[in-house]
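Engineer: Each chain, letter by letter, is given below.
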Amino acid sequence: MSTGTPGKQTVLVIGGGEFIDTRLAQALSVSALYEPVLLRTHADLRAALPKAAMVVNCVARRPRTILAVTQALCDAARRNPPRRIVHLSSMAVYGAATGVVDEATELQAPLNDYARARIEAESLVLKYVADGGDAVIIRPSCMFGPESEPWVSRIARLLLSRRLGDLGPFGDGTCNLIHVDDLAAVIILALSAANVTGEIFNANADWPRPTWNEFLIRFAQAIGATPIRRISALRLRGEVKLVAPLLRGAALAASRVGASNVVPDALTPTFVGTLQQAITIDSAKASARLGIHYKPLDEMISEAAQWWRAQRVTRTHAAQAGFSDKTSS
Amino acid sequence: MISSARSTVRGAAIEADVCIIGGGAAGISIALELLNTGLRVVLLEAGGTAEDNADQALYQGEVADASLHSPLDKYRQRRFGGSTTIWGGRCVPLDPIDFQARDWIPNSGWPISYHEVAQYYPRANMICEAGSYSYDAEESVPGGMRPIVRDFDPADFTTASVERFSCPTDFGRRYRQQLASSATTRVLLHANCTRLIASADGARIEMAEVRTLDGNCFGVSATQFVLATGALEVVRLLLASNDVHAAGVGNAHGLVGRYYMSHIAGTIGSLRIDRPADHIWQGYDRADDGVYCRRRIALRDSAQRRDRIGNIVFRLHHPRIPNPRHRTGALSAIFLARRMISYEYAKRLETHEPLTARLWLQHVANVGTDALGASGFLWHWLRDRVLAERKFPTVIIRPRTNLFSLDFNAEQVPNWYSHVRLADRVDPLGMPRLRVDWRYAEADVRTVTSAFQLLQRDVSTAGIGDLSLEPDEADIEAVIRRDGAYGGHHIGTARMGLDPTEGVVDGNCRVFGVNNLYIASSAVFPTSGQANPTLTIVALAVRLARHIHSEEQRAISVIDPACRMQTQLPVFLTESMAEQQA
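Quick mapping for you: the protein sequence lines, in order, are chains Y and V.
Mapping of the first sequence onto the numbering used here: residues 31 to 359, in sequence order.
Mapping of the second sequence onto the numbering used here: residues 458 to 1039, in sequence order.
Be aware that a few hints might be false.
Said to hold, decoys possible - Here are the computed lysine to any residue pairs in the SDA-like style, where the Cα-Cα straight-line distance is at most 25 Å:
hint	chain 1	residue 1	chain 2	residue 2
1	V	Lys848	Y	Gln251
2	V	Lys848	Y	Arg260
3	V	Lys848	Y	Leu264
4	V	Lys848	Y	Gln306
5	V	Lys848	Y	Arg267
6	V	Lys848	Y	Arg192
7	V	Lys848	Y	Ala134
8	V	Lys848	Y	Val270
Bear in mind the hints are in silico, worked out from the structure with no lab data behind them.
Next up, chain V with everything else stripped away, as it sits in the complex (with noise of 0.2 Å):
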């Protein structure tokens, strides 16, 4: 069933087995894993089913550099689906060594092996609809992949990794039709999340305070909670819910919101390839069920252990679309076009050059003399994206020269400083906003500046060509300074730890010190690896499910009434007798 929180009556404490916090990626996976269970589960999204400015003006915030991170309402959306709805579908799991303890990276390795996160993978691949579960390039299209140049075998990357993608899907839109008829599935919209109220002895969640935008306000009580929202939103309601435990719900050791990731990427050089073109291939493939794949430049487990550096991956990407130089008419067309792209795919357009009318007609230029290039990328662009179900996921555009740049989506060491805290600032129901203050160390920029070094000896070894910085790039670190932080990827703010004084949660994602809340996010991962989050967030979330399936069916009916009894709770209602009163 779906309904709105607006409508529901104002006082009532609804009861549940499971109540889901945020109706994203995460929360609508465990909301479908414990479907056929037969748990009562209450999933509250914050949104509705469409964008509303009132709703996505509750994710404002504060930005420490606003030239290295986003505003907070961008990449992120306050709606039935979450981020879901905007997001461009890239399905990566992580690799083995992002979950070692690594002597190089300070706070690395996770509580939980590899293995036991890659048993959930082939179901997160289905719930992305990503296909099957194979990331080998031999595997994943019948007679192998077509290579990214021919007969190039670097000798620290491999080029046999490969990203999948979804259509991208909404799981919102995708997944409605399954949680309305659900008869044990209750999912409220508009439903803002303001405290979790503990218990006297703050060992349990005891209810989830509710409020709407227009004034109304109840509760959800559970046997266990299941905090599913982003990165961001996790660290603003632990800390927020500080009534019983001080510094925040987990936060005893001052952990909820330190070691704030994201992602270190970017477009970086020029790569030059002296092969003929059709030696060269930098688009996608198609899998047998449909999925778009596409080879990646992966930085090898050995070179990252000789050289003490993070993970990465490299893409062949045509040349920055804000320099000219390409000569292609596509580029030059999406170039004119940035005002009618989103935000969050136009930042990719920014350059700090400035926007001289000679650079303009350089543009008009090319789209001139490349009108037969142009027009047929739009056609592709209608066809294969616009009207396609399956969407063609990125922009592939075949420079007219044989000279490319390299995408990079690097590891982000975790680093105490980078952190996230509440503001001073209240929001209008009373929350307190966020302030970001993303940071990156020198190791960071040493993974992007050795894998770039040792790129460009494969290159030159293999006699392929030349790979060097562009001309405006000063050096690597500009580099990551003039990208920033990497959008949507937020990770790593509720860290899981061994025990409460390296972690927020546990291996289960259960907050340490309180026995019924989970977190069901990327704010658990305590490295960021090369990864997109998404596919990883929903394997979690998955194993989450089975997890707290596994604890209910284990301990129905043994909830301590005394510790009912010492919680001091606001005068909520059972629905009927809210309904009575009203």
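In isolation and in its complexed conformation, chain Y is listed as follows (with noise of 0.2 Å):
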């Protein structure tokens, strides 16, 4: 293990997919301990980690290589261990439980292939404590913020072409964001905590958390994606069954053309299955153990909004001068 700058530990970000990680490395460099390594490629895992003090794994997206990263974070880490390991997993875990949800929580029966790889990663890195070495997990709820594409850009797409609105009984469920600057800190806070090897810590803001339908109506009005339409069950039900299988077929072949951007969004049944799930994500723990403390909701939605209106008119300037019309992930 090594230090790049003279009293800083390196902490070796492993990214890919999520754009938690490129804003874990801005926090992590203005930092007086850490500095950041971030590593995309994760073939060079086995040849940074030796380098790293640290280790924050936000590998995320595809099911197969959150398995992957994570295996080969751990058999390298058994041969080089790093001080600690911050295993970044999700809220997916829980399934499809409702009501309050803490780190005690049995897990149900994974929904999707991804909540089960969440879970076998989970496993994987509890493994790699029991064998003696030291790693965190923290289970973000939705991560919201500037440049949140799943949270932010999809979310203000969907409602300005009013396919998103306020959906009714099918937005009743709890809506559980973090902004991704105070994940951001408890990453931060996780990697020197004291006697927290082997902990789950949920991490999810703290505010009374409104529906999806109360945020939805919000950040429409924030973003001007107003009057809100009504989405009427049948549409619902229709986006989800007939058009999201068309989208995303479009979306798998205009990827291979380069063109994926141009294939509207779907609503997919998890998606959609999200905002109507009635779970509310406990994170008192990480409160009380780490001491974090949360953006409120109007401010997280109004950051959002500025900076959603801001990349849109920078986007339509830039169409305009010829370039692509690219979204930001």
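Two chains, each in its own frame: build the complex with the hints.
Structural biologist: Listed below in structure tokens is the structure:
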């Protein structure tokens, strides 16, 4: 293990797929204690690990990649153990649970491959801890904030196209969000916290949680997607069962010719299921043990809306100037 | 969990912390508010999830004057969601003056203040899906709402007051999933509560007796009972539960069923506006949250006090549809299609004039000469009403001439002689049917007459046109009699009062003399105000749910066992015992 800058510990951030890696790297780089090394090519993992004092595993999206990278990380760490691994998991591990869930809640049968991969990856990390390693698991809720493709850009596009709005009973689920900067703060706190080896922490803003309907209405007002449309059950079912498979097929085909951004967003069953799920992620343990304070919802919405409007203007100007209209992710 | 009372074990006694009787706006709102409190809630709904003739027929009763009051099985729905399954969705809060004791309106004044109720209106607005709690025309819509008539600023009225519209939300359909997935809430459909069984000393309700139309019978015992039916069924159940309370529960002073109010409402007059068409706006604006909002012409408090009259609002309305003089194709098309419109909405299309061939031909001619207008309206109605999830609230048709009428909704003064009582006949469940004797008073006529005259004066002073009665409207009272009691607004039959001599329930909606029985209904309104009652029903229901929750937390495990011992209950067993015997 080495330190790139004198007095600072190198933190290897294994990214790829989520914007948390760059935000975390930014947050680490301004701290007095750490120096981040962002790793997006996982083939370099074995070579990079010995140089790092600590590791944050932010790998996301594809189930196969999550498992492969986590397995590779744990194997490599057994040979060159870092001081601590912070493994980023997901609230997806709670599956279809409802009500208030904390870290002790028994995990239900996973809903999909992604949740299954998340649970298996946690098992790999916990086995690493059982073998004598030092690791902490964080289960964040939906990551929100500037540059969030799924929870800001996608929702904004769907609201503006009136394909999303007031969902009635389909939006009664609990809105569990965490600002990306707050999540970065949780991770940084977890890097140095004492007596947390092998612990799991939920990371979720602790303000009174609105329903997804309430959030969608407030966000739509903030980005000017008004008047908000009430979406009927029939339309939503049509979107999920008929339109979404077609759009996913089209997106796959379009991606092969490098034009995936021209295909509209799909309202997938997983996404719509999340909006309906009355689950409250209890993050009291993280608040108590790590001492995190969360950004208020109004501030989160206002900041995300401001970012969305600004990057929309930029994209419009770029398109007018003949540049590609590529969505940031 | 939602199940049918028909499959509940016969003779069982279901135990709960709170038993809610009635699955309409009030009952469902209370159940929603108690969802995450840990309290075991049983909600008894008399109907199923769809309209059923046999269930609906249980509402049939007698009306003293059929020309003034609708049949009792109209405007009410005996099914999950109650009358929200057919309501129009108009949400309006009561005004502060409605809560005050006014010496010119006998028996006026609530034992609780406007502010006591107002703090629950925002939550009620959310449950009703009427958007943000904003009832001011300048705030409801960004940039303010369009004026009804440009530069018309009447002296005795305000046009800044707004009504907002629910989807309209069918509470049963909207909140079914939330209730069904709850581990602590149990909704029983087809569960007709036929009797409230009181303790021997009458101080508590021990059990609700439940019967189904297919002959099942069981009981629900609970710590707290909430009667959350409409104002007519409240009377029926209280008076029919007369084994311990001889005059009926809560009726020691003969108040149950008295002071029965509705709204004095209808369509009146002819308003000719001498302004360019684009200076007039009778329609809706949409708020950011997608909710339809509309300005009203509301009589100011100061005018009510000065002229010693009740509260009233007017709305700019298309001309009376039956009169073909409007020459508007869409209106005539509605008249010609009136047999296809439900009773509740077709009632306003009634006319006392004979339906002559000439009248029909005039309407047909209107459709012919204004075919574009008629087809445009039909397209708008299909797109924005029939197919839309948030529905365009009412028929808004711009008359071809600048000739309008006025919709009005006026307060009815509390009137002892206007009453609901049990009839001699019984229904198939053995419950006495109801007899309604709705009456209006001279004060009600005066409210509408004075307000109409004040508006005439304001219209004339502003020089915007002319307001007069229609030729077929002999006087205001004739209009009131023509339109009768406003359909679904049943109010005041178990009024709230300071003590048992002036009310059936106290300020917390608890029945005087019965410690664990509450009423969540427009039955408890001591006065009707000008506002449609649903929003206030829901606000009071939310308030009651929070009161019950705090009472339950305070009084948990302090039920007097001796009280239970004295009770002569029918032989109801626990559910498991009843199942074993079955």
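Engineer: Going back to the hint list, which numbers does this structure go against?
Structural biologist: Per hint list: single violation, 7.
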